[in-house]
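4 protein chains.
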Amino acid sequence: MTPSIAYLGLGSMGMSMAARLIEASYPLTVWNRSAGKAAPLTGKGAREAATPEDAVKNADFVFSMVADDRALEDVVSGDHGMLSAMKPGAVHVSMSTILPATAQRLAAAHAERDVGYIAAPVFGRPEAAAAGMLWICLSGKAADKERLLPIIKPLCQQHYDFGEEPQAANVIKLSGNFMIASAIEAMSEAFVFGEKNGIDQGRLADFFGSTIFNCPIYKNYGRIIAEQRFDPPGFRLALGRKDIQLVAETARSSNVPMPFLATLQNRYTARVAKGGAESDWTSIALDVASDAGLVR
Amino acid sequence: MTPSIAYLGLGSMGMSMAARLIEASYPLTVWNRSAGKAAPLTGKGAREAATPEDAVKNADFVFSMVADDRALEDVVSGDHGMLSAMKPGAVHVSMSTILPATAQRLAAAHAERDVGYIAAPVFGRPEAAAAGMLWICLSGKAADKERLLPIIKPLCQQHYDFGEEPQAANVIKLSGNFMIASAIEAMSEAFVFGEKNGIDQGRLADFFGSTIFNCPIYKNYGRIIAEQRFDPPGFRLALGRKDIQLVAETARSSNVPMPFLATLQNRYTARVAKGGAESDWTSIALDVASDAGLVR
Amino acid sequence: MTPSIAYLGLGSMGMSMAARLIEASYPLTVWNRSAGKAAPLTGKGAREAATPEDAVKNADFVFSMVADDRALEDVVSGDHGMLSAMKPGAVHVSMSTILPATAQRLAAAHAERDVGYIAAPVFGRPEAAAAGMLWICLSGKAADKERLLPIIKPLCQQHYDFGEEPQAANVIKLSGNFMIASAIEAMSEAFVFGEKNGIDQGRLADFFGSTIFNCPIYKNYGRIIAEQRFDPPGFRLALGRKDIQLVAETARSSNVPMPFLATLQNRYTARVAKGGAESDWTSIALDVASDAGLVR
Amino acid sequence: MTPSIAYLGLGSMGMSMAARLIEASYPLTVWNRSAGKAAPLTGKGAREAATPEDAVKNADFVFSMVADDRALEDVVSGDHGMLSAMKPGAVHVSMSTILPATAQRLAAAHAERDVGYIAAPVFGRPEAAAAGMLWICLSGKAADKERLLPIIKPLCQQHYDFGEEPQAANVIKLSGNFMIASAIEAMSEAFVFGEKNGIDQGRLADFFGSTIFNCPIYKNYGRIIAEQRFDPPGFRLALGRKDIQLVAETARSSNVPMPFLATLQNRYTARVAKGGAESDWTSIALDVASDAGLVR
Chain A
1 MTPSIAYLGL GSMGMSMAAR LIEASYPLTV WNRSAGKAAP LTGKGAREAA
51 TPEDAVKNAD FVFSMVADDR ALEDVVSGDH GMLSAMKPGA VHVSMSTILP
101 ATAQRLAAAH AERDVGYIAA PVFGRPEAAA AGMLWICLSG KAADKERLLP
151 IIKPLCQQHY DFGEEPQAAN VIKLSGNFMI ASAIEAMSEA FVFGEKNGID
201 QGRLADFFGS TIFNCPIYKN YGRIIAEQRF DPPGFRLALG RKDIQLVAET
251 ARSSNVPMPF LATLQNRYTA RVAKGGAESD WTSIALDVAS DAGLVR
Chain B
297 MTPSIAYLGL GSMGMSMAAR LIEASYPLTV WNRSAGKAAP LTGKGAREAA
347 TPEDAVKNAD FVFSMVADDR ALEDVVSGDH GMLSAMKPGA VHVSMSTILP
397 ATAQRLAAAH AERDVGYIAA PVFGRPEAAA AGMLWICLSG KAADKERLLP
447 IIKPLCQQHY DFGEEPQAAN VIKLSGNFMI ASAIEAMSEA FVFGEKNGID
497 QGRLADFFGS TIFNCPIYKN YGRIIAEQRF DPPGFRLALG RKDIQLVAET
547 ARSSNVPMPF LATLQNRYTA RVAKGGAESD WTSIALDVAS DAGLVR
Chain C
593 MTPSIAYLGL GSMGMSMAAR LIEASYPLTV WNRSAGKAAP LTGKGAREAA
643 TPEDAVKNAD FVFSMVADDR ALEDVVSGDH GMLSAMKPGA VHVSMSTILP
693 ATAQRLAAAH AERDVGYIAA PVFGRPEAAA AGMLWICLSG KAADKERLLP
743 IIKPLCQQHY DFGEEPQAAN VIKLSGNFMI ASAIEAMSEA FVFGEKNGID
793 QGRLADFFGS TIFNCPIYKN YGRIIAEQRF DPPGFRLALG RKDIQLVAET
843 ARSSNVPMPF LATLQNRYTA RVAKGGAESD WTSIALDVAS DAGLVR
Chain D
889 MTPSIAYLGL GSMGMSMAAR LIEASYPLTV WNRSAGKAAP LTGKGAREAA
939 TPEDAVKNAD FVFSMVADDR ALEDVVSGDH GMLSAMKPGA VHVSMSTILP
989 ATAQRLAAAH AERDVGYIAA PVFGRPEAAA AGMLWICLSG KAADKERLLP
1039 IIKPLCQQHY DFGEEPQAAN VIKLSGNFMI ASAIEAMSEA FVFGEKNGID
1089 QGRLADFFGS TIFNCPIYKN YGRIIAEQRF DPPGFRLALG RKDIQLVAET
1139 ARSSNVPMPF LATLQNRYTA RVAKGGAESD WTSIALDVAS DAGLVR
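Protein chains in written order, with the working numbering: chain A, 1 to 296; chain B, 297 to 592; chain C, 593 to 888; chain D, 889 to 1184.
Derived from the structure by calculation, the hints contain no laboratory data. C-beta atoms are modelled at their ideal positions from N, C-alpha and C, and glycine is treated no differently. Be a bit skeptical, because a hint or two may be false.
As the list claims (entries may be wrong) - Which bits of chain C does chain D cover? Going by a derived footprint, with three or more residues having C-beta under 8 angstroms, they are: (1) 762–776; (2) 783–794; (3) 803–809; (4) 846–858.
Claimed, not checked - Derived pair list, reagent style DSS-like, types lysine-lysine, alpha-carbon separation capped at 27 angstroms: (5) D/K1107 with C/K811; (6) A/K196 with B/K437; (7) C/K733 with C/K745; (8) C/K866 with B/K492; (9) A/K242 with B/K492; (10) C/K679 with C/K745; (11) C/K834 with D/K1084; (12) C/K834 with C/K811; (13) D/K1162 with A/K196; (14) A/K87 with A/K141; (15) D/K1029 with D/K1041; (16) D/K1041 with D/K945; (17) A/K153 with B/K437; (18) C/K834 with B/K492; (19) C/K745 with B/K570; (20) A/K242 with D/K1084; (21) D/K1130 with C/K788; (22) C/K788 with D/K1029; (23) B/K515 with B/K538; (24) C/K866 with B/K570.
The following block holds chain A by itself, in its conformation from the complex (with noise of 0.2 angstroms):
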């Protein structure tokens, strides 16, 4: 029989999963903390509910994708929450960008309640979830994941399992949210550098982006830095921080010195102090260039 799924949170990157599952003929439910934004899943099909509680008492397969910790532990146990209304036996699919710490709580008192959980964050633009080329990062219990796998197969192009701790997945997620941090960090410098020494900067970044960084992050993040197309973001400055606070906490708590990680930090505390907040992530670029006198 056809599982139910319940999508809870239509950001950018959840309206482009929940249609590729409404497509994909599955029935479902779904929900967004503020209105007005389910329009056109419901023209295709799709429920909309009042309340995440509302929306995963029929479902077998819960997704949430949410702004942050607080929102997630809002939806699954604030007032009108999902946890106390799912169904025994159903799976709570996780793909917000939380702590593990937090991931590790969320995932025990699902168990207590005999639903799943799995954390399922993801590597992609919101242009890879609209075409189900995401990558899906599991972690969980072994038949939680079993019985999801044929649910992702169209919203990525790959998932890779890290095993059953609940919070593997958020851990590979943040060190990821970090690397992608510092290769923006490092073309800035290099681009400004190139620039100052007569180097047009869309001359390195394709350069780079096609020869010993032809990857997904150097090309994309290159040209939108060579380019300055810092708005609209693609990825909000003020949620970069916040991951990047994630990734800070946890290293603190697992007592991790992380040099990168701490002036990256300070990037984003700059930007947000000058109004930067709404821009797009790599407008970290704005103050490197500024530090060595450039005019924007």
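Add chains B, C and D to chain A, keeping to what the hints say.
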């Protein structure tokens, strides 16, 4: 008529390139500061010269690939240096990683003697050199580059032209080595972060090297870091430190603050202080790990 | 009429201050979370209370000096907490090093119950506390501070008034601890630089401590660093790390990039990762030395 | 017999010291690279020389205080340099802030000509020089220093002997300037932290300068930072950057990682990039403030 070529500097990179030029049937004279390197090449028909001066006197193109700025200046205009012996109209193809300022000075000195100077630093490890799969960056006079293009065909998968300013390609090379060093540090931090939070370093290297960072730098160096293959070195830390120092000097003279670069400089200094100058430059990962209390 | 005083928290600082209040003939009730600390004080006439609630019920002034924000919140409003038991019009003199945000929240909670709240963090080591030679920073309602002044006379060589905003004195305290930690790092780097260039660390400490840096912080900490007197600790590294973390949280919420602070955070994290949490906070000098290849 | 003295380099420090030597009745010859500085001294009886060579030929002691290593090497052994003109047995008292390596090289060159060389860098601002209240650090041959002591009495409140290694006093000077620059950065960060959390910068400077940091560096520089008195400069940022660069070169050659130093280097680079080379070196506080979104 087939041009005559000299190759000065038979390190692992130079050796492979010289061998490919012989295979391509160019008459080749070689020279190396320390003796005993040329045998594999003379066995294939190369002539070995006793001095740079002797090596270049009949050459139409002189390639040089030596350890640093000082070594190059010595080869060019030290005792029995090459410059005063070169034929008018011949071209020096300068492949060493040197300061842009040195390139400018050398180009001017060559021009005074009616000798061409092309900066031609390369990207790629020794295996890529042996396979003729390097990426070569060029800058210098257009006419000289045009004459050079057929000659470098057996050496590279692709060449990139950065215009007529003699130092431009050196700026690219320094930018690139800085970005590589930054990627190594970022991976080292991320992998230790992962390890202390329960993820095997090899899993991290594999995952990122096949998804968002599926490019040579992350794939190759990621494996080396995860497997701690620091000896024998692919690229000695002492040389990496030298290159990063060239970036720092150029950044200082062009007034570019680079916080990631500053972190890297301290990393290499610490490694050298602890006796690690002769290991691979990825071995800074040892200090990232020991700073986090991990015993290797 | 002589006011009645309670002192909550009998660490080395609190113990010395409580003793001086007894000597100054104030009726004193004391409390400490772990038992067995009060004996030297009860021997001189202090009453020991079993809970904060019990300790404060007749007090006109309640001093508190506990480990961190959480401990203070517990003392104030946890089980058998003090706040609900205080007399209207009494004043809480809050000496712990805490977040300014916590001070604001506590001040509001006190005001609701008609209880005064004065932030009163101190500078000075335990010996200064024992000698009544602390520097006390005050912020809070003017009328409350005026009543407090005669009481703190036996405790300090001088007090400084930072106005009526409840958190102001905490901002001063955090600024100061950051500056002290920075001085420790600066000396550690300078002394290792000196040592590796032929100068004895003790000579450096003496010279600077008697010339351009002839102030308590450099004189005292300079000797400790040069003589490597890290155990037993004067101020535990774990506590220093906590304080620096409070600075970091406040800097983040007020959007202040602080690169020196970032370096310090990594230093403390590394020390804790290597098992050094219980030594003096100057023991970061050990890592400055080992990073430079010096074996201690 | 009263020794004859030459003073080379009449910047604000040299001028004040030369004046005090005249007042102490020493026969004095002076020289400065750019003309028109000597008038106040010749008016009091000094002889002005046209070249270093001319200035030193009858001198028993030659003081020098010039801008940097290159300027000093020029004065010593450039065209009409001093060294070849000095009397055997005379002593060069070298007060400039230079590399320890330069001091070693110069000391050897002096010894070959039977001329003494004493490194004698000073601490103190121009007002201290005018009042004879400098602190002078000495290193060099014991016999030379013994002869020098009566001569420097009018210049300093105290001298400190760092032994016979010629470069030792220069190591002290570099250590000290690094520590001063670190204190400036630490205050700048702390004061902006304070300001953004409601505390006036002047209050912070006063409080710390009269309590835990009641020493010249914090008192003087604290006021300058709080009052933003960056022009005219007391010590030009370009010179501060040069000194910090000397520390960096010495740290690199002796393999000492110094993260605070790295932050400082980037600060000065940014200031110069933004056109601030001629302001006081405390003006890095402007960037600390602007990074935090404060408009000056």
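Of the hints given before, which are not true for this structure? Hints 17, 19 not satisfied by this model.
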